[in-house]
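If you read the protein sequences in the order shown, they are chains P and H.
Numbered according to the numbering used here, the first sequence spans residues 1 to 224.
Numbered according to the numbering used here, the second sequence spans residues 1 to 224.
I should point out that these hints are in silico values taken from the structure, not numbers from a laboratory.
Everything hinted at is true.
The list makes no distinction among identical chains, and a pair is therefore deemed to hold if it is satisfied within one copy or across any two copies.
Computed cross-link-like contacts, DSSO-like style, restricted to lysine-lysine with a CA-CA straight-line distance of at most 27 Å:
1. 40 / 69
2. 69 / 43
3. 149 / 169
4. 69 / 149
Number of protein chains: 2
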Amino acid sequence: MSNYSHVLVVSGGMNSATLAHMCVKDGGSPYLITFDYGQKHRKEIEYARLLGENLGVPHQVVNISNIQKLLGGSALTDDGMEVPEGHYEVSNMSITVVPNRNAIFLTIAYAAVVSFESEYGGAAMHTGDHTIYPDCRPEFVNILGNMQKIATEGTGNPNLSIWTPFIDKSKAEFAPIGLAMGLDYGETWSCYKGDRLHCGRCGTCVEQKEVFELIGTLDPTQYQ
Amino acid sequence: MSNYSHVLVVSGGMNSATLAHMCVKDGGSPYLITFDYGQKHRKEIEYARLLGENLGVPHQVVNISNIQKLLGGSALTDDGMEVPEGHYEVSNMSITVVPNRNAIFLTIAYAAVVSFESEYGGAAMHTGDHTIYPDCRPEFVNILGNMQKIATEGTGNPNLSIWTPFIDKSKAEFAPIGLAMGLDYGETWSCYKGDRLHCGRCGTCVEQKEVFELIGTLDPTQYQ
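Whole structure, please, built from the sequences with the hints as guidance.
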């Protein structure tokens, strides 16, 4: 039997913190992976480490920043491009797309799923991501899960599956789940800019502020 | 329009050399990628570079060796494990499986396909790989191609597709294609051991010898 039921791809943000806490609360024993893909907001990696520490579960940073050689500009990785400000909308946010990011993250996570004979690979995509990130949509998650069963047939856990419990939920729907579990969202990092404090103006900051307003809870995030 | 029609995952071996030459002969303009994933037979990387030079097309080595942190032992990467000798058969060759390798390689290649607005991602899986490598089978290639269409929808070339022309061919079927194009298989590297000369005893060496015998052509490989 495996030591780890789930291999979860986590950033240091609200979504993946909620995912990992939920996994543990439901009796899972997750192994957490965070990718260093050359993102400017490297600060999220420290918060992902803190997430593992707080939960008492293993956490590994995997450096694949060399893939930058193959990528055109994304505002999240390219020093010559400004992270856009404002609401998440296709018009200004499309330059934050890192092509194929979740497919790459999840296929690497599934290599660990096979090695550990775990049952689940997982990540925290949610409905707010669907518009601009094609690899956050339910149709992507479904086919990725099926692809992984075929790609690893006979080599790992035969019941291998995908776990993305927020795929049909909005952030305002799952944030209360985290709060109810006592998760301190002040110990997470979402801002794409990665300065000392959250900028409060990029797409992910704007989204986060709205969520706390919507659910009527004080946002523990310190903004600039 | 893209500068590169194809992004091809190549090792320095016979299969990928034939693939890349065929692509160029058919009028394609490939961009070649080789992965450093911590393989012991690192020598293949030099031969992959030579392949790009001989064809006059760009070649990039992408270092993802950090993923080793997540993998259990494979004889291809683990210093504590011997590369098995003999014929490719499940019984002794299964320890050469690197879990999910082609899924990882291809998803990273497709990030480049999107960036370059190329039409094809491709690799040189063939029928000889099917028995022990689940991610070399036609059902894998089909679903991977479909997954990539969904994962990248709206971000790259809308006609994006997968190119694996050897998926239903044996090495003995496509090697003559390479020979007819004037490809010098003496400038390729297949051996899993990666010493000065091909060992002549590991699965891939045994397979290569058999192929040249089968097609009645002198094997240009220098064996120990």
